[in-house]
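J.: Letter by letter, the chains look like this.
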Amino acid sequence: MRVGVLSEKACGDLAKKVKEISKEDVLSCYQCGMCSAGCPVAFAMDLPPRQIIRLLQLGLEEDIAKSKTIWLCTSCLTCSVRCPRGLDLAKVMEALRLISLRKNIDYVRPAEISRDALAELPQIVLVSSLRKHTA
Amino acid sequence: MELSYYPGCTLKTRAKNFEDSTIASMAALGINLKEISRWNCCGAVYSLADDDLIHQLAPVRDLIRVKEQEQGKVVVLCSLCFNTLKRANLLMRNDAEKRKTLNTFMDEEIDYNGEVEVVHLLEVLRDDIGWKTISDKLKVPLKNLKLAPYYGCTLLRPREVAIDQVERPTILHQLIQALGAEPIDFPFATKCCGSFQVVGNQAAERSY
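Respectively, the protein sequence lines represent chains A and B. So in our numbering the end of the first sequence lands on 135, straight run, no missing numbers. So in our numbering the end of the second sequence lands on 208, straight run, no missing numbers.
What the hints contain is simulated information worked out from the structure, not anything from laboratory work. Fair warning: there could be bad hints in the mix.
As a list, the in silico SDA-like pairs of lysine to any residue whose alpha-carbon atoms are at most 25 angstroms apart [stated by the list, open to error]:
no., chain 1, residue 1, chain 2, residue 2
1, B, K191, A, P122
2, B, K191, A, I105
3, A, K91, B, R159
4, A, K91, B, R93
5, B, K143, B, I129
6, A, K91, B, K100
7, B, K16, B, K34
8, A, K68, A, R97
9, A, K91, A, D46
Excised from the complex, chain A in its bound form (with noise of 0.2 angstroms):
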């Protein structure tokens, strides 16, 4: 007998909501491994990209709000141009970042910037970290 264990029914409503926000279709993954390999974040990572996508695919929400991954992430698009089966995995670390930052719930707080920073940053690293992680 075959079992569909991919199937829409398997598939948790963060997978749908995460769809409906990136247009990307976790189920699509076959899980080879290519995102984390070539991530270069992944060290520093609790749980590598490729078993964050496992775990939509189960619909394990609870894991993926425990890691830290998706904060890593820093959209380099490594992974998304080297996937073998398109799927656009920046796409869908951004979706699960807005599903928390829509929320009001802020990853970096600027008041707690220190001021050496602000004085040494290039100013588009201080703007485009308040676009990816405030909401």
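Let chain A serve as the given structure and place chain B on it in line with the hints.
T.: The following block gives chain B in isolation, referenced to the frame of chain A:
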């Protein structure tokens, strides 16, 4: 020859030296870089969400400024601005539905359909000027200097905005050679620099 150019925030402040040296070098190569008037923030990072059009307004407005000033092409020096402007341009060119929504929303502006071409400075050096001209006009060759070319993400990804081959770019290698220096093999040439993560994730910053 005159080319219109978009500076962005950082070239006017912390990277003023980059702007000054580029304008002077381009003048020596016979190109007058003319800053577009009334430009605004490029948006810094391209919005990756399909349902988020508000963040496309800033880059599209900049492209409208270029179109208004009857320039077919805009040169960008900052690689983040380049990526954001070029992707917003492709959105306006290729997505009829979003184009209509954005044009309707900005009813005070002229309609924009992606007519302008967004190019990076390196592309102008390669395609409009050429490595040979650069070599010929060289006053002080960078002899005996070994340089590591660093590309990062935004000049190469995604594929549709890449100024060179995504996985094995050579454009900077070629410029270094044209200047008389020696480009070395640098394994981190296309790796991410960390970008905005230096603000919010100090722990990760150390290893970028």
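J.: Give a verdict on every hint.
T.: So, going through the hints one by one against the coordinates:
no. : hint             : in the structure
1   : B:K191 to A:P122 : holds, 19 angstroms
2   : B:K191 to A:I105 : violated, 30 angstroms
3   : A:K91 to B:R159  : holds, 15 angstroms
4   : A:K91 to B:R93   : holds, 20 angstroms
5   : B:K143 to B:I129 : holds, 22 angstroms
6   : A:K91 to B:K100  : holds, 23 angstroms
7   : B:K16 to B:K34   : holds, 16 angstroms
8   : A:K68 to A:R97   : holds, 10 angstroms
9   : A:K91 to A:D46   : holds, 20 angstroms
In summary, the one numbered hint that this structure violates is 2.
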